[in-house]
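**Student:** Here is what each chain is made of, one letter per residue.
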Amino acid sequence: MKTTLSYWEIREMVIKTVPRMTVLSTMKKKTNAVKEKGRKRNYQQFNLKEQEWRKQERLLNTEEINNFLEISLRAQACPMPFNMDIWDGLTCPFNCIYCYANLFRASLYTAFFDNSRTLGFRHCNPDYYKKEMDKMDYLRGLSFDDKVKLQGINKAFALKMPLRMGIRFEDFLKTEGKEKISLNMLNYLADIEYPVMINTKSDLVGKPEYVEALSRNPAGTAVHVTAITSNATITKRLEPGAPSFEKRMEGIRAMVQAGIRVVARIEPYLFLLTDEPEDLKYYMDTMWQAGVRNITFDTYSYTATNPGIRQSFINAGYDYDRITLAGCDSQPLGSLLLGSFMQLFRDYGYSCSTFDMGNAPTNDQDVCCEVGDWFGDRGASFNYGSTVMATKFIKSMPMKPVTWGMFHKWVYEKGGFLTTDLERAVHELWNLGGNVAYSHRWAEGMTSIGRDEGGIIWMYDPNKPDFRLQLLEGLQ
Amino acid sequence: MKVNSMVEQIFANAVALEQSGGLRNTIYATGSKVYILNYDHTFLMQFKLRKSEAPFEHEVSFRANDYDSNEFSEKDGKIIFTSRHGDYTRTKKCATPDLNPSDVKALFHKLNSVDKEDFVFITMDSGVLTLLDRSLSHTEFIGKAGNPLTLVQRNIYDGTLIEITKDSDDKASLLQDNSILSFDIEPIAIKTSDLASLFTFQDVLSFGFPKAGTGNYIIVNSIQKQKRDMTVIIACCVYDEVIAIQEASHQGMIEEETEEIVPQNIMRRKK
Numbered sequence: 001m002k003t004t005l006s007y008w009e010i011r012e013m014v015i016k017t018v019p020r021m022t023v024l025s026t027m028k029k030k031t032n033a034v035k036e037k038g039r040k041r042n043y044q045q046f047n048l049k050e051q052e053w054r055k056q057e058r059l060l061n062t063e064e065i066n067n068f069l070e071i072s073l074r075a076q077a078c079p080m081p082f083n084m085d086i087w088d089g090l091t092c093p094f095n096c097i098y099c100y101a102n103l104f105r106a107s108l109y110t111a112f113f114d115n116s117r118t119l120g121f122r123h124c125n126p127d128y129y130k131k132e133m134d135k136m137d138y139l140r141g142l143s144f145d146d147k148v149k150l151q152g153i154n155k156a157f158a159l160k161m162p163l164r165m166g167i168r169f170e171d172f173l174k175t176e177g178k179e180k181i182s183l184n185m186l187n188y189l190a191d192i193e194y195p196v197m198i199n200t201k202s203d204l205v206g207k208p209e210y211v212e213a214l215s216r217n218p219a220g221t222a223v224h225v226t227a228i229t230s231n232a233t234i235t236k237r238l239e240p241g242a243p244s245f246e247k248r249m250e251g252i253r254a255m256v257q258a259g260i261r262v263v264a265r266i267e268p269y270l271f272l273l274t275d276e277p278e279d280l281k282y283y284m285d286t287m288w289q290a291g292v293r294n295i296t297f298d299t300y301s302y303t304a305t306n307p308g309i310r311q312s313f314i315n316a317g318y319d320y321d322r323i324t325l326a327g328c329d330s331q332p333l334g335s336l337l338l339g340s341f342m343q344l345f346r347d348y349g350y351s352c353s354t355f356d357m358g359n360a361p362t363n364d365q366d367v368c369c370e371v372g373d374w375f376g377d378r379g380a381s382f383n384y385g386s387t388v389m390a391t392k393f394i395k396s397m398p399m400k401p402v403t404w405g406m407f408h409k410w411v412y413e414k415g416g417f418l419t420t421d422l423e424r425a426v427h428e429l430w431n432l433g434g435n436v437a438y439s440h441r442w443a444e445g446m447t448s449i450g451r452d453e454g455g456i457i458w459m460y461d462p463n464k465p466d467f468r469l470q471l472l473e474g475l476q
Numbered sequence: 001m002k003v004n005s006m007v008e009q010i011f012a013n014a015v016a017l018e019q020s021g022g023l024r025n026t027i028y029a030t031g032s033k034v035y036i037l038n039y040d041h042t043f044l045m046q047f048k049l050r051k052s053e054a055p056f057e058h059e060v061s062f063r064a065n066d067y068d069s070n071e072f073s074e075k076d077g078k079i080i081f082t083s084r085h086g087d088y089t090r091t092k093k094c095a096t097p098d099l100n101p102s103d104v105k106a107l108f109h110k111l112n113s114v115d116k117e118d119f120v121f122i123t124m125d126s127g128v129l130t131l132l133d134r135s136l137s138h139t140e141f142i143g144k145a146g147n148p149l150t151l152v153q154r155n156i157y158d159g160t161l162i163e164i165t166k167d168s169d170d171k172a173s174l175l176q177d178n179s180i181l182s183f184d185i186e187p188i189a190i191k192t193s194d195l196a197s198l199f200t201f202q203d204v205l206s207f208g209f210p211k212a213g214t215g216n217y218i219i220v221n222s223i224q225k226q227k228r229d230m231t232v233i234i235a236c237c238v239y240d241e242v243i244a245i246q247e248a249s250h251q252g253m254i255e256e257e258t259e260e261i262v263p264q265n266i267m268r269r270k271k
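Chains as they are written, first to last, in our numbering: chain Y, 1 to 476; chain X, 1 to 271.
One or more hints might be untrue.
Stated by the list, open to error - Dumping the calculated DSSO-like pairs for lysine-lysine here, alpha-carbon to alpha-carbon at most 30 Å:
no.	chain 1	residue 1	chain 2	residue 2
1	Y	Lys-130	Y	Lys-178
2	X	Lys-211	Y	Lys-16
3	X	Lys-2	X	Lys-48
4	X	Lys-78	Y	Lys-16
5	Y	Lys-149	Y	Lys-174
6	X	Lys-144	Y	Lys-16
7	X	Lys-78	X	Lys-2
8	Y	Lys-130	Y	Lys-207
9	X	Lys-116	X	Lys-75
Keep in mind that the hints were calculated from the coordinates and are not lab data.
The shape of chain Y in the complex, shown without the other chains (with noise of 0.2 Å):
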């Protein structure tokens, strides 16, 4: 039998292993998280054949994102890749610490554009979305056959699988209120019977008028609401720009009685920030209590080693190394501390997930986000062919052997791969290629035993040795 431990008892060795830092001398500087590029101003180039100089420059439409719908790039390892952008600026208001969407954002816009300090907030052409929408709703009238020849967004449409909105930018904000944009969106994903997942920090998303655009879509409708801690003056040091915990339960209650789903969401877990005990289980009584029974959670990014957000948890008076290395930097200690937090919500009732690939396989549902059982009661397709989808159809056979042949035929017979490369970087996967941290081959219980014509021949063991608990141990 696999030896179990506590979060407290694997916490307390973690402590004994990755150290504090103190400092000679205390003091705040400047955090530069966002590492703008610079374009060269008032730039020309003389055109020899119209003898005349021209101003060379490239603009950002700050008025609208020309866009519509995609698939993420996280699609080969993610059960729920279908993305609808609404808005869209240099930087987000809520100005949460830890977050790299702004650095990404600034990086590219100041890099490609000359206008990019004017950016305010834009958003998408709702009338063009709606528009190309109406025109691909044949699709879901298709044959399964015939959706299962589909490609892209085309396919996901035709399948029914969830949009999800607020991945790259926050949906809700105070300008959203008054423009009303997303709510244009809701209201028409709710005419055209359309499931949809939000993601938000917002408690904009509780007012009367979204909560009836999202309670009246028969298809279902999902709300990620994100609160990685109840505690005010941490939430406030992390998220200064956001709304408080207490704001954001206002927002969830009014959804909960409105017969939404609403999943709590923890991403990023910080090692020793957001796991006091008294801060847990408020968190975890008011949520019940709001009828809140879904949690969804990640570590800090695997990729985290950004000096300008370091130092902005540096000014917060916080140990950005201390939390990365433990909860990220190493994969194993960040994935081991997160399956055993993750099993206190579980213990009090809570039905829990995560994208954490170390984790899947003790995953409460098959889709991550925790909405499988919502949308899937309501006819929903998901991403089956992904390797957080592959880690569960291992599971699901426990000390036997599994190919990828059996997957392949299981993800056909649900509606196939989104594409043709994402079915190649899948399998690339399943075969210790690509980016380890999306692959299965880490997950808790998996083994390799064998090889065919697609590949390894996987098992999962139940009784494995975790291997995240050996590393820790033999540290101590």
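Model the placement of chain X on the given structure of chain Y, informed by the hints.
**Tutor:** Only chain X this time, still in chain Y's reference frame:
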């Protein structure tokens, strides 16, 4: 002013540390002392100039990676490095750091004015670096009274454990010091890159570890003081369940000088 080759070497080493990524330093000079403070404020070095070397007439401070020449002056809050080649003169103007040399000197004094009886001093030479895994973030020091000091590195990526102890017949014990601890020390760590940086300046160093329960910074002294008189204070990494960053302290620290240093927008002018 123009500094001599000895001081220039200190500056050059500080620059090298900066470039190697080991430390991101600022340099402060006042009187016969030169200080190097790293970016995270976990590491403060003091170099005492020899009596034969001219002290700094005026305080000067700059970021190590700005260092450009052994001839420099300070004007309107800017440090100006001057280089000459043939008939040409090049100047490089740089902003000064947030702290001033007096602040840093006071900080050093506060931390170094403790009873050294509370510290056990162990000699180590740069050879230890060859046994360390430089890719691991921390090196931990542990030991009980009567036992040798042990250096530990925990590889949190593959679960391996590296332990380094000093052989008792090591010739370094001839340096009126030994590797046997006279009292218990609490497990403390420093960044491996910081440890490596220390040996950039001298090959043999004496490490003073605080007696268990007395403090959480270590004091490192150069052995060959006639060659270079160096003292380093390093804030340690500790194994408790706190995540807030706190100031390192020692029970014998001078309390009246423990005010937090506030960065100043100083406008210092060299007369």
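**Student:** Could you run down the list of hints and mark each one as holding or not?
**Tutor:** Each hint tested on the structure:
Using a Cα cut-off of 30 Å, the hinted pair Lys-130 (chain Y) and Lys-178 (chain Y) holds, with the two alpha carbons roughly 20 Å apart. About 19 Å separates the Cα atoms of Lys-211 (chain X) and Lys-16 (chain Y), which keeps this hinted pair within 30 Å; it holds. Only pairs whose Cα atoms come within 30 Å are accepted, and Lys-2 (chain X) paired with Lys-48 (chain X) is accepted, the gap being roughly 17 Å. Among the hinted pairs, Lys-78 (chain X) with Lys-16 (chain Y) is inconsistent with the structure: their alpha-carbon atoms are about 45 Å apart, more than 30 Å.
The suggested pairing of Lys-149 (chain Y) with Lys-174 (chain Y) is violated, with an alpha-carbon distance near 42 Å, which exceeds 30 Å. For the suggested pair Lys-144 (chain X) and Lys-16 (chain Y), the alpha carbons sit about 17 Å apart, so the restraint of at most 30 Å is met. For the suggested pair Lys-78 (chain X) and Lys-2 (chain X), the alpha carbons sit about 17 Å apart, so the restraint of at most 30 Å is met. Taken as a hint, the Lys-130 (chain Y) and Lys-207 (chain Y) pair is honoured in the structure, with Cα atoms around 24 Å apart against an allowance of 30 Å.
The straight-line distance between the Cα atoms of Lys-116 (chain X) and Lys-75 (chain X) is roughly 40 Å, outside the 30 Å bound, and the hint therefore fails.
Of the hints listed earlier, those the structure fails to meet are numbers 4, 5 and 9, in rising order.
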